[in-house]
Amino acid sequence: MKLLLVLLFATVYAKHEEYSGWKSFYIKPSSHDQLKDLGNLISKLELDFYIHPSLDREGVVLVKPQYQDDFVKFVNEENMKYWIHADDVKIQLDKDDLMMESFQQEARFSKSSSFNYDKYHTLDVIYEYLDSVAQKHSDTVKLVTPATSYEGRTLKYLKISKDNFQSGKPVIFIDGATHAREWITIPTVTYAIHKLVENVTEPDLLDKFDWILYPVVNPDGYEHTHVKERMWRKTRSTDQHVAGKICRGVDINRNFDFEWNTVGTESHPCSDIFPGRKPFSEVETRVVRSIFNEHHQNMILYLSVHSFGSMFLYPWSNNGSLSDRGLQLHMVGIRMADAIHELSLKHFPRYRVGNTALVIDYFSSGSSSDYAHSIGVPLSYTVELPGRGSKGFVLHPRYIKPVVTETWAGFAAGARMAGQLFGSR
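According to full-length UniProt numbering, the sequence shown holds residues 1 to 425 in order.
Hints were generated in silico from the structure; no laboratory data involved.
Ideal Cβ positions, reconstructed from N, Cα and C, are used throughout, including at glycine.
Treat each hint with caution, since some may be false.
[As the list claims (entries may be wrong)] In the DSBU-like style, the derived pairs of lysine-lysine whose C-alpha atoms are separated by at most 35 Å in a straight line are:
{"#": "1", "residue 1": "Lys44", "residue 2": "Lys64"}
{"#": "2", "residue 1": "Lys228", "residue 2": "Lys136"}
{"#": "3", "residue 1": "Lys119", "residue 2": "Lys162"}
{"#": "4", "residue 1": "Lys278", "residue 2": "Lys44"}
{"#": "5", "residue 1": "Lys95", "residue 2": "Lys278"}
{"#": "6", "residue 1": "Lys208", "residue 2": "Lys195"}
{"#": "7", "residue 1": "Lys119", "residue 2": "Lys73"}
{"#": "8", "residue 1": "Lys346", "residue 2": "Lys64"}
{"#": "9", "residue 1": "Lys136", "residue 2": "Lys95"}
{"#": "10", "residue 1": "Lys208", "residue 2": "Lys245"}
{"#": "11", "residue 1": "Lys64", "residue 2": "Lys195"}
{"#": "12", "residue 1": "Lys169", "residue 2": "Lys136"}
{"#": "13", "residue 1": "Lys401", "residue 2": "Lys28"}
{"#": "14", "residue 1": "Lys64", "residue 2": "Lys95"}
{"#": "15", "residue 1": "Lys278", "residue 2": "Lys36"}
{"#": "16", "residue 1": "Lys64", "residue 2": "Lys36"}
{"#": "17", "residue 1": "Lys391", "residue 2": "Lys142"}
{"#": "18", "residue 1": "Lys95", "residue 2": "Lys162"}
{"#": "19", "residue 1": "Lys81", "residue 2": "Lys36"}
{"#": "20", "residue 1": "Lys95", "residue 2": "Lys28"}
{"#": "21", "residue 1": "Lys44", "residue 2": "Lys81"}
[Stated by the list, open to error] Each pair of labels, with its calculated beta carbon distance range:
{"#": "22", "residue 1": "Lys64", "residue 2": "Thr201", "range": "27 to 37 Å"}
{"#": "23", "residue 1": "Asn116", "residue 2": "His341", "range": "24 to 34 Å"}
{"#": "24", "residue 1": "Lys391", "residue 2": "Asn293", "range": "18 to 28 Å"}
{"#": "25", "residue 1": "His137", "residue 2": "Asp69", "range": "26 to 36 Å"}
{"#": "26", "residue 1": "Val263", "residue 2": "Ser138", "range": "37 to 47 Å"}
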């Protein structure tokens, strides 16, 4: 009977054929040299790090069939600890789909709420939620639709303020789904909306701050991960290279105008870290830039939410140097990590806090957090959410609510400390 219900109400997921024969490996470097060597191998073997490793903490890397022997030879020669994560990525993705469907069917028959935190919602449902919140709470919430995506989808975010941003309060900006496959990032942003306007238990956070919440930066890519290619990361544009019709999209987090295309990028459009033909080539990137431009004088905290890794990472990503705000960046990062740790499940690793390039020993350019910091946002972070708890490539839906709850505690702690440090900008 349970199987019949699953089939009757089944969600249509991507078929994953393109990942047949791929393998994924846990990889655990034990030195900074090993981390750097892994980073240098990304281009040569077209490695796809689903979870970036850090020192003595394993990551997960996807390897195409034609490079698997070379990869195994490399890690053996380096005496690097590794083990199989998925012997066939397609098969594991199919298992992920069945797991999610089975779990979500149980939730569907036990709850009536149309927007909850026991499943990953489609773009239409997320957008309906944003529309509904803006309509029901029009005194504090404004829905902004600044542009359409490359494929014609409306880009939507919320501005939340008691006075429509008129009094010059400190601004906090949080975004998610820059990388399309990072589904868990979206509910952390929608849950922040929920806590600010629907289930208000900390009214000081709206009394003292104005908020910009942008759950789905990359709607084209997100939709694509649901219906076609689960591991898709980039936008879906085709106008950035002569081969764009074959190899679509740009990595939004390599498309910002900070040391653009100088390190951690690939010129081939098929690469997941293709930066585009110029900075801000993507409408999705330009919308985030417009938010920075409009509010950067009052913006004290920017959090770009990604997955996975359990890290708060701060500038500069391109060379590992620290900005003149390095001490404050580290202090506020520690405060957020500590607040999360108080609520975190035991098998989630403790958040690491530090400079992006130094924590993962991988340099990159054109990120949103570096760009925000470069134009004057004092506290700017890439947040890598926890990913343990599932054997596959999606965090089990049972962990969505714990993750959004603990992450909100971190956001709230960061906002308060940011206000103490920079509230009078």
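Which of the numbered hints are not met once you compare them with the structure shown?
-> Hints 5, 7, 9, 10, 11, 17, 18, 22, 24, 25 not satisfied by this model.
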